[in-house]
Amino acid sequence: MSIENLKTYDPFAEADEEDSGQTKQTQEYIHIRIQQRNGRKTLTTVQGIPKKFDAKKILKVVKKEFACNGTIIGDEDSKMGDVIQLQGDQRAKIKDFLTNKDDGLGLDAKTIKVHGF
Amino acid sequence: MDSEEPSIQRRTSRKSVAFTDEKLVVDADGSVTMVASPTDEIKETAQSHSARTPPLSAALGAFTDASQATHDAQDAAAAPAADDGLDLSLMKKKKKKVKKEDDADAAAADAPAAEGDGAIDLTMKKKKKKKVAKEDDEFAKKLEALNLEGKEGEEATPEEDEQDGDMEQGTGIWAHDETKTITYNPLLSRFFALLSQKNPDHASTGTRSYKIPPPQCLREGNKKTIFANLPEICKRMKRADEHVTSYLFAELGTSGSVDGSRRLVIKGRFQQKQIENVLRTYIIEYVTCKTCRSPNTELSKGENRLYFITCNSCGSRRSVQAIKTGFSAQVGKRRKMQG
Numbered sequence: 001m002s003i004e005n006l007k008t009y010d011p012f013a014e015a016d017e018e019d020s021g022q023t024k025q026t027q028e029y030i031h032i033r034i035q036q037r038n039g040r041k042t043l044t045t046v047q048g049i050p051k052k053f054d055a056k057k058i059l060k061v062v063k064k065e066f067a068c069n070g071t072i073i074g075d076e077d078s079k080m081g082d083v084i085q086l087q088g089d090q091r092a093k094i095k096d097f098l099t100n101k102d103d104g105l106g107l108d109a110k111t112i113k114v115h116g117f
Numbered sequence: 001m002d003s004e005e006p007s008i009q010r011r012t013s014r015k016s017v018a019f020t021d022e023k024l025v026v027d028a029d030g031s032v033t034m035v036a037s038p039t040d041e042i043k044e045t046a047q048s049h050s051a052r053t054p055p056l057s058a059a060l061g062a063f064t065d066a067s068q069a070t071h072d073a074q075d076a077a078a079a080p081a082a083d084d085g086l087d088l089s090l091m092k093k094k095k096k097k098v099k100k101e102d103d104a105d106a107a108a109a110d111a112p113a114a115e116g117d118g119a120i121d122l123t124m125k126k127k128k129k130k131k132v133a134k135e136d137d138e139f140a141k142k143l144e145a146l147n148l149e150g151k152e153g154e155e156a157t158p159e160e161d162e163q164d165g166d167m168e169q170g171t172g173i174w175a176h177d178e179t180k181t182i183t184y185n186p187l188l189s190r191f192f193a194l195l196s197q198k199n200p201d202h203a204s205t206g207t208r209s210y211k212i213p214p215p216q217c218l219r220e221g222n223k224k225t226i227f228a229n230l231p232e233i234c235k236r237m238k239r240a241d242e243h244v245t246s247y248l249f250a251e252l253g254t255s256g257s258v259d260g261s262r263r264l265v266i267k268g269r270f271q272q273k274q275i276e277n278v279l280r281t282y283i284i285e286y287v288t289c290k291t292c293r294s295p296n297t298e299l300s301k302g303e304n305r306l307y308f309i310t311c312n313s314c315g316s317r318r319s320v321q322a323i324k325t326g327f328s329a330q331v332g333k334r335r336k337m338q339g
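So the sequences go chain by chain: A and B.
Counting from 1, one number per residue, gives the positions in the first sequence under UniProt numbering.
Counting from 1, one number per residue, gives the positions in the second sequence under UniProt numbering.
Honestly, the hints are just simulated from the structure, not real lab data.
Accuracy of the hints is not assured; some may be wrong.
The list that follows gives simulated cross-link-like pairs (lysine to any residue, SDA-like), each with its CA atoms no further than 25 Å apart [unchecked claim]: (1) A:Lys110 with B:Arg293; (2) B:Lys211 with B:Ile226; (3) A:Lys95 with B:Arg280; (4) A:Lys41 with B:Ser246; (5) B:Lys238 with B:Thr291; (6) A:Lys110 with B:Thr325; (7) A:Lys110 with A:Asp89; (8) A:Lys110 with B:Ser319; (9) A:Lys41 with B:Lys273; (10) A:Lys41 with B:Thr281; (11) A:Lys110 with B:Arg317; (12) A:Lys113 with B:Ile323; (13) A:Lys95 with B:Gln321; (14) B:Lys267 with A:Thr42; (15) B:Lys238 with A:His115; (16) B:Lys267 with A:Lys110.
Ranges between beta-carbon positions, derived for each pair [stated by the list, open to error]: (17) A:Gly39 with B:Leu306: 36 to 42 Å; (18) A:Arg37 with B:Leu306: 34 to 40 Å; (19) A:Gly106 with B:Arg305: 33 to 39 Å; (20) B:Ala240 with A:Lys52: 39 to 45 Å; (21) A:Lys110 with B:Gly302: 24 to 30 Å.
Partial chain B-side listing against chain A, Cβ under 8 Å, derived [as the list claims (entries may be wrong)]: (22) Glu251; (23) Leu252; (24) Gly253; (25) Thr254; (26) Gly268; (27) Arg269; (28) Phe270; (29) Gln274; (30) Asn277; (31) Val278; (32) Gly326; (33) Phe327; (34) Ser328; (35) Ala329.
By construction, the Cβ of each residue, glycine as well, lies at the ideal position given by its N, Cα and C atoms.
Build the full structure now, drawing on both the sequences and the hints.
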């Protein structure tokens, strides 16, 4: 019988790479925002998709799936990274897409923040 | 457990921020009057908050009712006077409800009951029984719980008053030398009954929702929305107007200004419900204390340009994120070409 608390684990050791990367990713939220255009038209912007995903490919899939147009806005000067901009209110759909494990990105829902009304 | 679970579930899933059902009327001189306009959704929440404790104690009263009806007068006499007085006051309240069909001697029966002695005559007992039956819908939840419990409990009897005895007087299954295993549900209901009885303010403050007046939205022209009672809401939340304003703008992805009478003019068309949603998230993020869920907090700029929320009721302190606008796409006219 082993004592649970006395594992051979050094709490002062440097956290390994995998671990720190994971915690960093959880702090970096993915922001899904909505913006009003003229009339009842809206834009959805997705900001902060992890770098390991190709924004272009995501956009291609998403455009087909949501039947909407969209674009990638590269903000080199600011540190926002690539922003995917979609036409219409796609917040719920894009959130589903980002969290879906089977045919989505399979991200953790906690990292996603949906803004707007 | 399963019978108690729905209510607990409801308590957690319920919106922690509710908007008052009163219609707010702001006079010209700035005085605010509230006109009640019942809305079913809000009323439901209000009911569930304010009446959280009474049902428990009322249920307790119901238990004692039933047991008193079945148990002999000796038990009632043995009951501590203080406890009895509490119960009977509740009974009296209930009695008032059914008094219209009761005859005059109910009032006569009331008087000894209020004194809390064991001299309860038979007619009164009968009435009590009737009352329990009458208030069936009110205690439907409780009864359902008992029924469910009776279904799954092995040795628990289906009869309500036999099963749970009188927890006040220590009879039935609550007797000191009773060896029968008490099932979870009566124990749970006893716990809550005692809890609400011993410290009534504790239960009521813990579950009350935070109410702010509903935002008033007017349309200015075709493209702007006026948020009329922002200063009042901010005062209620004890937050700076600018902070709330910047949060609103960041969340709605728009801009705006404050007009002469301190109303907020937001660019874009927004409905009251949408503003409400944003305010709700604001309150969850920046007003309520995460530890004790009390809205009695203060937002202050601490050292290092960080914002801190200090709770006035539990004293906890936590940092909150600064409001960030994030990316906002170019809408409307094209940006002027650089260079």
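Ascending list of hint numbers which this structure does not respect: 16
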